[in-house]
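The whole structure should be built from the sequences, with the hints applied where relevant.
Line by line, the protein sequences are chains D and B.
Take the first sequence: its letter number 129 is residue 129 in this note's numbering, and every next letter is one higher.
Take the second sequence: its letter number 5 is residue 1005 in this note's numbering, and every next letter is one higher.
Don't read these hints as lab results, they were simulated from the structure.
Glycine included, every Cβ here is placed at the ideal spot set by N, Cα and C.
According to the in silico footprint, chain B covers these stretches of chain D (three or more CB under 8 Å from chain B):
1) 79-93
2) 108-117
3) 257-264
4) 269-277
Pulled a few chain B residues facing chain D out of the computed Cβ check, cut under 8 Å:
5) H1111
6) A1119
7) L1283
8) M1291
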Amino acid sequence: MSNLFDLVVAGLATGAIYALVAVGFTLLWQTSQTINFAQGEFVMLPAFLMLAAMHVGAPFWLAIILGILLSMILLGLAFKLLLVDPMMRHGVLPLAIATMALAIGIKEAVKQFFSAEASPFPSIVPTGDVSILGHAVSLQSIGVLIVAILAVVGLTTLLNRTSLGHQMQAAAQNPTVARIIGVPVERMILLTFLINAFLVALASLLITPIYLAKFSSGEVLGQAAFIAAIVGGFNQVRGAIAGGLLIGVLDNLAASYISTQYRAAVPMIFLIIVILFRPQGLLGRAEERTV
Amino acid sequence: MSGFAKPLKIALGLAVVAALIIVPMNFNRYGLFILSQWAVMSIAAMGLNLTLGYAGQVSLAQGAFVGIGAYAAAIMTTHGWPLPAAVMVAIVLSFAVGWVLGYPALRVQHHYLAFVTLAFSTLAFLVFRNESWLTGGIYGISNIPRPHIFGLATNKPLPFYYVCLGSLAIVSVAVWWLIRSPWGRAFMALRENPLRAQSLGVDTRRYTLMAFAIGSALGGVAGALYAPLTQYIDPVPFNLSLSLDLLMMVIVGGAGFYFGPFLGAMIAVLLPEWLRFTEGYYLMLYAVAVMLLLIWSPTGILGILDRTMAARRTKAASALRAVAKSRLETVQ
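Given below as structure tokens:
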């Protein structure tokens, strides 16, 4: 039983990071019908920006701030203005393909300008274990969970309790009507891109100490977040959170109880079943926009 | 392309085919390998173009079918079977699996369908990697023989390039015929307006499954050629990124255009090679080129051509109209 407890806690910690990435993914889909195949690379890049800042002599805390700001400029502002805006009105598929090309571009750029090898990354949480209910739980897992929960609570408060959040929801659900009642739709869309950039930078900060900074590490992560978003509900923030946690735990349990070789298959099979029997996702609502 | 006169089009086509036969004769080994790879990828992309470009069913699993075909060919030819038999098995196998993969398309569409096929693609990769009793696992299958065609050995790069080119020619003719047959029209009806297609008596269920099965079968053909081309296969080339690459080829070339896959495969296979002189930057430049192209023309390269042709036709038509109008006025 102790084994199961440890697995679930570790799974929740990874799942919380998936959830952050998946939430950003669904936000982009809701406001601009962008399926971002580069989302995994978006998580990989900020860690390298922070490492680069530390290379030129910035202390860790300053590197974190610079890294987050730079990712919001590059992965939020520039991504929207240069790639999404010109392509948005041409439908989902060409833009999705363009983000695939972007993923290749980011990976290659990191490989070329930084390193092809994995680099260690400092952790914001001290290493060590604490005892909870007689189980040793790593401080890292707890720290990751706390930061992720704070981020998610902050985001849901923003979306549901503030006027700004209501405007964002209106812009996502019905841009035409939102425009009529005076919501600055364009600015709201830009805001979701900035929020996504912030979330991936945060996820990068949390996950890189565990898996090291490597140019190719976005592939697995992007796919996990992708599945989490669909399983939970493509058009719901809380769906993406639930999906992230579920996939994190499922993946960990599958690795130790089913087979390490086929651990990646379990979330996939789960994904196929969910899409076929509940395409709107476990917590999502049926989509009316796409016929 | 309809702006050209018919004899001109035929002459152009013959010139391209002649160039593909004659020019590579003094290419080195590597150049021939790249060109053969272009031919193989064109076949796979043509299959995906049928599924996606003509029938409108998004698939992120074409790479998995190339893998199925490649493993079928590798396993059979290393056990002494001739390649044509292996190609037949690859076709039947990918057709059957593609048919089954078509069933989700009856329930869900667009991005949901893309996700189901994406999951399938990953599952197929796991089977290639883990079922080592059949596929050799991560060590793969080596010493895949190249075939004897009409008693001629094709071990050298040039003869095998002609095998790939010949197969591409056969597939091209078959696809040309298919999209002009009632089936091709049914596929397009499926893409444009499934509801109306159904009310006009098109069996949309059957044609959806067919679109998947035929497109996948062509992926299998490409795989069955890929195995003897590289003479060694392992699971890595058949992961999700091959499916994404093939999708990129179809979109970049121009989905729903007959010549789209040829151009798309050319860009995806040859452009990185041409950019090799930039050393570490070549894939980066390739990615930027693809993004710029899609920003400029989201319908791909042939989309640009299509638009200029349409613009020219409109111009020509309005010129004719002006002439006709002035004539009418002089008569009056």
